[in-house]
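Colleague: Modelling step: build the complete structure from the supplied sequences, incorporating the hints.
Chains as they are written, first to last, in this note's numbering: chain U, 2 to 460; chain B, 2 to 460; chain F, 2 to 460; chain E, 2 to 460.
To be clear, the hints were calculated from the coordinates, so they are not data collected in a lab. Do not rely on the hints blindly, as some may be mistaken.
Put simply, identical chains are the same to the list, so a pair is met inside one copy or across any two.
As the list claims (entries may be wrong) - When the alpha-carbon atoms are kept at most 25 Å apart in a straight line, the in silico SDA-like pairs for lysine to any residue are as follows:
hint: 1; residue 1: 281; residue 2: 347
hint: 2; residue 1: 96; residue 2: 60
hint: 3; residue 1: 286; residue 2: 309
hint: 4; residue 1: 165; residue 2: 72
hint: 5; residue 1: 54; residue 2: 460
Residue-level listing of the chains:
Protein chains: 4
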Amino acid sequence: MKSWSVNSKLKEECGVFGIFGHPEAANLTYLGLYALQHRGQEGVGIVSYDGKKHHIEKGLGLVHDVFHEENLNRLKGNTAIGHVRYSTQGDDVLKNVQPLLVNIGNQWLALAHNGNLTNAVSLKRILEKSGTIFQTTSDTEIILHLIARSQKDTFSERITDALKEVEGAFSLLFLSQKELICVRDTYGFRPLVLGELKGASVVASETTAFDLMGAKCIREIEPGEMVIISEKGIKSLKPFLKTKTQHCIFEHIYFARPDSVVFGKNVYEMRVSFGKQLAKEHPAKADIVIPVPDSGVPAAIGYSQESGIPFQMGIIRNHYIGRTFIEPEQAIRNFGVKIKLNPIREVLEGKSIVMVDDSIIRGTTSKKIVQLLRQYGAKEVHVRVSAPPTIGPCFYGIDTPTKSELIASSKDRQEIQHFLGVDSLGYLSLEGLLQVEKNERSLFCTACFDDRYPILPKD
Amino acid sequence: MKSWSVNSKLKEECGVFGIFGHPEAANLTYLGLYALQHRGQEGVGIVSYDGKKHHIEKGLGLVHDVFHEENLNRLKGNTAIGHVRYSTQGDDVLKNVQPLLVNIGNQWLALAHNGNLTNAVSLKRILEKSGTIFQTTSDTEIILHLIARSQKDTFSERITDALKEVEGAFSLLFLSQKELICVRDTYGFRPLVLGELKGASVVASETTAFDLMGAKCIREIEPGEMVIISEKGIKSLKPFLKTKTQHCIFEHIYFARPDSVVFGKNVYEMRVSFGKQLAKEHPAKADIVIPVPDSGVPAAIGYSQESGIPFQMGIIRNHYIGRTFIEPEQAIRNFGVKIKLNPIREVLEGKSIVMVDDSIIRGTTSKKIVQLLRQYGAKEVHVRVSAPPTIGPCFYGIDTPTKSELIASSKDRQEIQHFLGVDSLGYLSLEGLLQVEKNERSLFCTACFDDRYPILPKD
Amino acid sequence: MKSWSVNSKLKEECGVFGIFGHPEAANLTYLGLYALQHRGQEGVGIVSYDGKKHHIEKGLGLVHDVFHEENLNRLKGNTAIGHVRYSTQGDDVLKNVQPLLVNIGNQWLALAHNGNLTNAVSLKRILEKSGTIFQTTSDTEIILHLIARSQKDTFSERITDALKEVEGAFSLLFLSQKELICVRDTYGFRPLVLGELKGASVVASETTAFDLMGAKCIREIEPGEMVIISEKGIKSLKPFLKTKTQHCIFEHIYFARPDSVVFGKNVYEMRVSFGKQLAKEHPAKADIVIPVPDSGVPAAIGYSQESGIPFQMGIIRNHYIGRTFIEPEQAIRNFGVKIKLNPIREVLEGKSIVMVDDSIIRGTTSKKIVQLLRQYGAKEVHVRVSAPPTIGPCFYGIDTPTKSELIASSKDRQEIQHFLGVDSLGYLSLEGLLQVEKNERSLFCTACFDDRYPILPKD
Amino acid sequence: MKSWSVNSKLKEECGVFGIFGHPEAANLTYLGLYALQHRGQEGVGIVSYDGKKHHIEKGLGLVHDVFHEENLNRLKGNTAIGHVRYSTQGDDVLKNVQPLLVNIGNQWLALAHNGNLTNAVSLKRILEKSGTIFQTTSDTEIILHLIARSQKDTFSERITDALKEVEGAFSLLFLSQKELICVRDTYGFRPLVLGELKGASVVASETTAFDLMGAKCIREIEPGEMVIISEKGIKSLKPFLKTKTQHCIFEHIYFARPDSVVFGKNVYEMRVSFGKQLAKEHPAKADIVIPVPDSGVPAAIGYSQESGIPFQMGIIRNHYIGRTFIEPEQAIRNFGVKIKLNPIREVLEGKSIVMVDDSIIRGTTSKKIVQLLRQYGAKEVHVRVSAPPTIGPCFYGIDTPTKSELIASSKDRQEIQHFLGVDSLGYLSLEGLLQVEKNERSLFCTACFDDRYPILPKD
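Modeller: Structural data, given as structure tokens:
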């Protein structure tokens with residue numbers, strides 16, 4: 002009956018980009034979102050402001066499918082924010098594509114949100130009781146209603162009021178008629194960086210967006226910081242109570258692009274180091290090391306370098322894959338994997354193989370890849386995972402399935418090894434992971450590996 | 002600066018259709034809207050309910066452009082409401098296409114509205130002050146927020162609460178999870194009829210929608226009546242204070258389809274009678290009577306019958322016209338008229354002509370048609386209008402321009418005759434009009450002809 | 002097995018337009034085709050030439066659906082020809098949309114054809130034997146292969162060579178790199194008129210295309226004439242053996258637009274006169290005369306004028322109908338007719354009615370309309386047809402069904418009256434028809450009424 | 002003036018797939034083409050035959066953009082052929098998308114062609130003289146006209162007749178009403194392999210198409226072989242005069258997918274070996290080896306293994322790129338490269354780098370990548386190319402530019418090194434390349450490296 006629940010629909014992965022004071026604001030936002038496409042492939046939107054009016058264009062699909070010269074030209078103005086979004090499902094999804102644009106007391110405000118609120122359900126219940134109508138099934142809309150209810154005068158004050166009531170992960174970009182306001186939650190779950198391009202200010206989820214357009218990265222927006230960009234310049238506020246920092250370690254392991262600097266570290270280098278540490282913790286006697294492409298490549302290179310076992314691209318990834326794919330009725334074995342990944346018999350045949358991947362979630366895809374490797378002649382298959390076992394879901398913006406679907410939540414290493422049908426299985430230890438990060442555990446959220454959730458969702 | 006004003010954006014012409022308890026609810030709603038297409042050609046939507054879930058499909062364009070087998074099939078359930086809409090403009094129009102579908106306290110409610118609220122601006126201001134966010138620029142959304150704010154238990158009570166606060170014209174269809182609720186304002190500005198089709202209940206703006214599907218018209222929904230259709234049957238309430246009846250006389254003159262019965266009268270017959278009365282009031286010495294097709298045809302037939310002057314289709318209308326039309330840069334004289342209307346030289350040449358139209362709004366189109374007639378050889382042109390001079394805008398759901406744009410608001414008959422360049426000009430008198438209606442004036446709203454507005458818009 | 006036969010696929014109704022020497026050639030061709038839309042609603046194409054290159058754009062659907070600013074802009078040059086087409090069916094229809102554009106000996110040639118060849122089957126067989134590949138299933142392609150095979154030097158000579166071998170009906174427009182060549186078969190079956198617009202030459206199937214753009218009609222292109230328009234001016238040739246003239250009388254009765262002048266006569270006036278003659282031949286005692294709209298309107302006006310029985314628009318036509326229409330599974334009686342035509346009960350009830358139509362082909366639609374009239378209360382229905390009984394198919398470009406499907410080929414008047422379920426039935430006599438035309442029979446092809454085919458199709 | 006020339010339009014890269022005797026012929030062809038997508042991304046088509054009728058569907062774009070359930074369902078039958086195509090440009094490209102489907106003597110024949118004819122211009126001239134009309138600008142159509150002109154009885158004989166007249170590269174699939182006929186030119190320029198899937202026969206350009214659907218590769222179709230697949234079984238003919246074998250070595254170097262077996266060798270392994278040989282011939286003192294992804298990866302792995310210099314993915318490729326991309330007006334330096342490739346500063350900074358690519362064509366892209374590497378901090382850049390300098394165009398089906406555009410046709414190694422702005426440059430020698438192939442030179446066409454063209458194009 003209830004179509005709105007924190008456990009399913011609200012789960013979102015996203016990327017955001019904003020720019021203030023550039024004559025080609027929309028075009029550059031489009032480029033920034035293109036660079037952030039890996040953070041969300043299901044929907045994309047841009048809102049611009051031209052000094053008189055906000056313009057909005059959005060659609061379902063990839064950035065280059067949704068945007069073209071015609072709708073980019075309609076996005077007039079030298080200020081803009083944009084959003085790419087991955088969402089699980091829902092038949093009415095276009096509504097949920099961000100940025101949201103609403104009229105609050107005769108002023109328009111746009112909002113793009115990366116993250117996930119943990120007290121959305123209870124806030125929604127309270128708002129509904131007092132007569133609020135919800136038009137989306139996204140938790141982001143709650144923030145807007147809270148802003149509308151604040152009795153403060155300026156948007157920055159009203160946003161502060163609203164955000165004091167919400168809990169969870171949020172890297173937010175607001176676009177009013179005067180200001181581009183950027184806020185990051187006090188834990189700093191999701192990344193958010195500030196840059197500069199020929200006098201204009203830019204903000205993005207990852208630095209790779211800056212690279213593409215030749216913008217310079219200035220600094221991270223800090224956990225708990227509100228940055229207000231206007232014609233008067235850049236103002237920084239810290240209006241919230243301080244908490245401990247909880248960067249999402251999954252950004253380093255899997256989610257961010259390898260060419261980005263996230264939480265001050267280059268992602269590719271982190272992954273190579275995870276692979277080296279993995280080789281130290283779980284050596285293997287093997288002929289070759291192969292990655293599950295593309296995300297497993299850096300860790301496999303690290304494993305190969307540390308172990309001295311030669312690296313080979315033993316599986317070829319087909320990048321032409323589109324949204325939907327017609328499978329013949331007459332079932333093809335392991336079709337879902339083969340449509341993306343094809344092993345090379347001549348590389349694998351008769352070999353003992355280390356296969357490096359960055360994570361095992363349900364285990365079903367890994368099992369199919371292992372079957373393929375065997376089918377193509379692999380003698381031995383040793384799986385090495387460049388992260389600890391994933392035992393819990395994420396409530397802060399990574400789209401992991403529920404606990405019961407996570408293979409490592411109910412099976413131990415040996416059972417998983419058996420399930421996958423491999424000759425050996427090794428996970429990077431949490432200690433090894435954090436040692437590579439050379440950080441105290443307290444700086445990172447590792448809840449999906451150790452069940453220590455900094456905030457729990459409220460029903 | 003203000004993007005929301007009662008004088009422009011809110012002006013809407015619309016048609017509504019609803020059905021309760023038929024296995025092909027969406028398909029029949031589609032047919033009903035097709036029959037009501039003349040009431041709004043810019044956007045169309047249908048919401049259905051299948052016992053578990055509401056489904057919504059909408060788009061910009063004509064009924065047969067927006068709907069096809071695929072999206073009609075998605076509209077599951079045996080209850081549905083639909084809406085066709087004409088709106089002036091706006092870049093974000095899809096949002097405004099109805100029915101609106103919102104979640105109020107965890108229950109979904111859909112709304113389709115024909116009419117126009119006159120206290121929308123002041124209600125909106127009050128709602129905004131208390132933190133309401135508006136997602137559309139349509140006055141219809143106000144009704145939904147008022148419903149959400151009501152503390153009553155059932156939707157019918159909450160709707161009653163809400164409608165007690167609004168003023169203006171409204172023929173409304175609500176679709177909740179249990180009921181199809183139909184309400185007409187106490188003045189009865191817009192039509193709304195109730196019918197029956199093989200045990201299912203149907204409601205529509207005009208009876209022609211019933212004809213197409215073979216439904217039987219039972220009766221008008223009365224001014225101030227709320228009809229609640231549910232599995233328990235049909236319940237009629239009169240929860241509002243009674244006012245005088247003010248049917249929109251323009252429905253008879255121009256807006257409704259000639260094959261409909263509106264306010265108890267067949268529209269075609271009324272128009273023929275207007276034409277006869279016009280011939281009595283403003284005879285002419287002429288060779289032929291021609292209509293401005295299609296809407297002027299019945300009155301021209303009446304004029305011909307009363308006067309004995311032969312009727313001819315002296316102007317041919319091209320019905321293939323689409324939404325946009327590319328005009329060559331090298332301007333073609335009177336192109337905007339010629340793309341729709343082509344006179345026949347052989348019929349007009351050397352003749353003295355009575356041209357009958359149903360109204361003159363700005364006068365610019367009429368002037369161009371007259372120029373065309375002369376260019377095709379007409380010796381004399383006598384314009385006869387089957388309605389009184391339109392001197393004021395409509396605030397109740399007919400899309401007339403502002404007062405200053407209405408030619409008859411600032412020019413007298415002789416000046417208009419001169420502007421049009423015609424040999425004589427005659428308007429049907431208000432008295433003649435009402436005599437044909439054989440009704441007391443008080444039953445009809447004739448504000449656009451006599452400035453006696455039953456309710457004035459509030460800022 | 003055989004997918005190509007003169008009896009089915011080749012049957013085509015079409016309209017053509019051409020222009021030479023105007024900076025907006027494509028835009029004006031688009032307008033011309035829009036005005037000729039009634040001659041073919043299934044496909045449309047334009048070829049332009051810009052002094053260096055031919056450009057082609059075509060598609061299935063109406064002129065304003067297929068063409069928009071973008072593809073019109075691609076049609077560069079100041080010379081163009083276009084074609085609208087009605088074709089019965091076929092899954093590969095886009096190929097058959099004209100103009101055809103081919104490369105003959107390294108020169109491009111475009112061709113638009115209105116009409117139908119009667120020796121297509123035998124010519125095709127001969128060409129195939131010598132190694133010709135056919136890419137379309139249209140008889141028009143045969144003309145191009147014959148041109149390619151001619152050993153003459155210029156296109157006008159090669160076209161002459163080719164056309165000497167074909168038989169049947171053809172009004173043709175060719176666009177080479179230098180010339181716009183217009184040819185009409187020696188019988189003059191289909192119309193083709195020459196006009197002038199600000200120094201540019203224009204050609205069209207009907208004069209209404211000229212009216213829209215303000216072009217002046219100069220004259221008909223004569224039966225058997227070849228008009229060559231180039232930068233050197235207009236040249237007229239008569240390269241073919243003369244035959245008797247055989248104008249298609251169905252253009253006057255039904256096919257052409259009423260505002261066109263066809264074969265030197267205004268179509269509307271002819272139809273009014275047919276109606277008057279019909280009233281003389283088949284009077285009726287009735288209360289009102291109503292047309293089957295839109296094509297029956299002029300004849301009904303004529304019938305009313307001659308008989309003195311009042312004219313009424315007793316049936317309203319819905320012009321919003323699109324290509325496809327979803328019919329509810331739960332069958333609606335006479336749905337196919339009701340979707341287009343709705344009678345007005347108040348006009349018909351208790352009345353004795355003369356219903357005027359321009360032709361009865363299969364009789365099935367007429368039967369349904371009669372049923373509707375009775376259902377809406379008509380006391381008596383007298384059908385009057387403003388043409389003689391259609392007893393044979395057309396081989397010259399009108400899409401009539403095969404002989405066995407024509408109701409009048411196997412039933413006499415009384416049997417048809419019985420089939421339709423009407424109180425009386427009267428057809429205009431062939432003598433009456435020709436008397437109105439005030440022409441010798443020999444000037445018109447009346448084969449579909451009297452079986453005297455001037456050329457018979459060859460297998 | 003001349004819009005048809007062997008030097009521009011005819012140049013094509015393609016892939017073909019065919020299947021005979023499988024209930025899901027079209028679906029599997031779709032999968033096969035998806036696996037061959039790298040051979041042509043601009044257009045795709047499938048023709049199927051259902052025992053009664055051929056069906057054709059084609060479009061511009063990627064396989065998964067053009068095909069969907071609806072049009073695949075229309076491709077009925079258990080026999081089909083398909084084609085992916087890369088073509089340079091042309092406004093009328095849809096026409097050129099293959100398979101071509103034509104009617105020859107009342108029998109339908111479909112053709113898909115990978116390769117390039119070298120005597121197309123002269124054949125076309127001869128055919129045109131005798132009255133042949135060309136509907137495409139593709140050389141493939143010539144083959145069909147030659148077949149139509151043959152006086153032999155069966156399609157296999159007529160195809161043999163036709164192919165005796167053409168010269169150049171062709172791997173062809175024909176689909177008649179009875180047979181799937183596969184032919185490869187006598188040189189064997191392009192690959193073509195025969196396989197088996199659950200009793201059905203399959204043919205494809207590369208074995209990777211078989212892998213995806215679980216088909217077994219049986220053997221190569223041999224140079225000069227015609228394989229006729231029908232319900233009677235598989236028949237092999239060798240109807241042509243034998244010539245020397247001339248496999249295209251560029252398939253191994255760049256064009257084929259690394260997971261395919263082409264000319265009997267696995268492509269990935271060949272490329273790794275090329276990289277090893279390259280390291281022997283052109284060692285470098287460097288900190289890391291990086292590939293230009295994706296095609297340079299295997300050779301870079303080989304170079305790293307042979308040289309012992311660590312392999313790193315120093316450049317990240319963005320795979321989301323679509324057909325068109327909007328570049329901001331305010332030019333971004335090296336935008337065209339950056340939209341696809343982003344270097345990682347942390348990997349490159351202060352390092353001496355070996356960058357491995359598989360070929361340098363014009364040199365402009367390589368130059369931009371080198372600039373990017375320097376901008377991201379590379380201390381030294383040593384470019385190593387896993388093929389000899391490309392000094393001549395390909396006339397046999399690889400889309401290389403004209404000789405004058407090939408940087409190595411006019412510049413020597415040192416000049417290119419200077420142009421690229423690199424610290425050193427090394428190409429794999431032709432001897433080294435052939436030694437890796439462990440083949441006599443005579444088995445491979447290496448014309449683009451040594452100017453020894455086995456057949457020259459005829460004007």
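Colleague: Of the numbered hints stated previously, which ones are contradicted by the structure, given in increasing order?
Modeller: 4
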